[in-house]
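Peer 1: Taken in order, these protein sequences are the chains called X and W.
Here the numbering used here is used: the first residue of the first sequence is 549, the next is one more, and so on.
Here the numbering used here is used: the first residue of the second sequence is 14, the next is one more, and so on.
To be clear, the hints were calculated from the coordinates, so they are not data collected in a lab.
It cannot be assumed that every hint is accurate.
[To be verified] No more than 25 Å apart at the CA atoms, straight line, and that leaves these computed lysine-lysine pairs for DSS-like:
hint, chain 1, residue 1, chain 2, residue 2
1, W, LYS228, X, LYS629
2, X, LYS641, W, LYS252
3, X, LYS593, X, LYS629
4, X, LYS804, X, LYS770
5, X, LYS597, W, LYS41
6, W, LYS252, X, LYS629
7, X, LYS554, X, LYS598
[As the list claims (entries may be wrong)] FRET-style restraints, in silico, Cβ to Cβ:
hint, chain 1, residue 1, chain 2, residue 2, range
8, X, ALA610, W, GLY223, 51 to 57 Å
9, W, ALA76, X, LEU805, 43 to 49 Å
10, X, PRO701, W, VAL180, 54 to 60 Å
The C-beta atom is built at its ideal place from N, Cα and C for all residues, glycine as well.
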Amino acid sequence: MLKTFKIGGVHPHEWKLSAEKQIEVLPLPKRVSVPVTQHIGAPAKPLVKKGDIVKTGQMIAASGGFVSANIHSPVSGKVFKVDQTVDASGYRKPAIIIDVDGDEWLDDIDRSDKLVKEITLSGEEIIKKIGEMGIVGMGGATFPSHVKLSPPPGKKCEILIINGVECEPYLTSDHRLMLEKSEELIVGIRILMKALNVNKAVIGIENNKPDAIKKLTELTSKEEGIDVQPLKVKYPQGGEKQLIDAITGRQVPSGKLPIEVGAVVQNVGTTVAVYEAVQKNKPLIERVVTVTGPAIAQPSNFLARIGTPIEQLIEAAGGLPQDTGKVIGGGPMMGKALTSLEVPITKGSSGLLVLPDEAAHRQPVKNCIRCSKCVSACPMGLEPYLLMIEAEKEMWDRAEEDRIMDCIECGSCSFTCPAHRPLLDYIRLGKGKVGQIIRSRQ
Amino acid sequence: MSIVLITILTLAGLGALAAVILYLASQKFKVFEDPRIDQVEEVLPAANCGGCGFPGCRAFAEALVKADDISDLNCPVGGAEVMGKVAQILGKEVAKSEPKIAVVRCNGTCEHRPRLNQYEGAPSCAAASALYGGETGCSFGCYGLGDCVDACNFDAMYMDEKTGLPVVIEDNCVACGACVDACPKNIIELRKKGPKNRRIFVSCVNEEKGAVARKACSVACIGCGKCAKVCPFDAITIKNNLAYIDDEKCRLCRKCVAECPTNAIHELNFPVRKNKTAVKETATEEK
């Protein structure tokens, strides 16, 4: 019996079209726009100004607080301007726009493919290095990794969980990383284990990726303390709390962080980035992005520099199909529809999904008949139909009592609703309002 | 016979006893309430709209009676007339308040501001604005989903299907401010109603740089500052690439309206002007 999380979950069709496609390096764009908010927390402060010459890997914006991250130039060239650019949400946000000229890297970055196994830095130095290199959670939440690796005083991490679940349909970037960078991944895990001072790590992989499970099981058989845990396919298993439940059987209490049950979760992409940062001195300036969709000519996995306009990725995958209805940043469950093709790739962009017009629209909304399908689907044990009503009627106090803040916005409720009600839309609105109320109380 | 008598006497006795207890209790636990609260509440419009900042007319009446100085309290629905009556009852001074009205500061109709994408989510401006920047290139403008219309208790707003923008019905609007709070984009503002309902305002809230704002919407304020230069009363300030007309200082001379290159400044309820050059000439003559 394979492990999985206990409550809720849904089974969307997998559609892993690009699972067999090797990671390709995307050619450099002509111009990149690098937003200064690519992470959760305070925006980074730009360090460069118009006309400055920057090299690849040079720091161009410094972390603006403890929960924030440094940003490095993904290309070499001249700063065109420090202005605003449209981000994935359609709002304009401050960004550093750089005209690409050649590809000249900083000298201290090791660009060779040689595997460096020996970890010379101490735990604290590793965390400091990860902070300097601007590593954030690459699964999509973009939480700064150095913060996650510094447990609050009194809390001890017992187990490191590596998230190789990739439960979103269509996306394959983590899958390909696990296959193509498996040795780097193992070293990355060792580095994280040293930083957290734990001797147990588990890689959680859903069993729709048998090749990745096989390869990593072979590699980890020689490694002490690192195990591979195949998991039953169920969405949203990649959610931090769901993954901890699936692997350890422990439930993170409401409103608490995973460290409460002694677990720290890191994504596969993040772990490989940690390897590159610590062993190769390479900041987070590129990432693997899946470009996929039912009508895309060549669904692919690209290694793209941060700041590359998504238009270029879609072009490289065979161009935008004729009847495109929607381009989604991320997967179909949690991704956001993009309002423009000029939106740049950021540290959290795991994929681009191009949907044809017929699949892009919502169905007409009907009345709620209290069938409670959303309640059975909710992986956090909430009552989405109730939370939606409470948010609609602005009953914020009751929404708070009904644990609206526990919602992980996985979208299982909206996915499963036979009446096509916009459950998550209203819950997200309610979360925002209730969050404001809670903050104003402090 | 005696049974009937005993029953009557017992019940009468119990009744008398209960009456005494109730009387004593009512004396003991009596809550004094200023009778003026009821009088004031009687005068108030009983709309319970919350426009005064208090939860309903009763709470406002209590506040009016309690406060020593009521000059900063105002019932926007009743206006000067009702506040005058309140002042009479309480023997206090009220500040002369000028009637206000809700003004929608966005003119991004479909023709001025082309739609770039289509929103199909929850039909609520608050939900949409929490999610993304809107259907057009302007992330400051009206979403057209009608949260303000839903919030209005006085049937003073409706969505114009043609333009996709909310319209204020001047006769019904009481300036309670419900729509102002409901709009997640801070587009609606309460401004002075003006003499003969005449008023001038900048119908745009876009804070982008001129070129960006103009690209998204042909009637956007581009923050060029021409209006501020031409204004003889220093009523116009430019902040974050956006002009704002202070309705306290504005004397409705309409020079800014003629000057605005994007027609972002609107005049309402003025008689039709002759033509732009004529206005400019009179403007220079006055100088």
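Peer 1: Can you name, in rising order, the numbers of the hints this structure does not satisfy?
Peer 2: 4, 5, 7, 8
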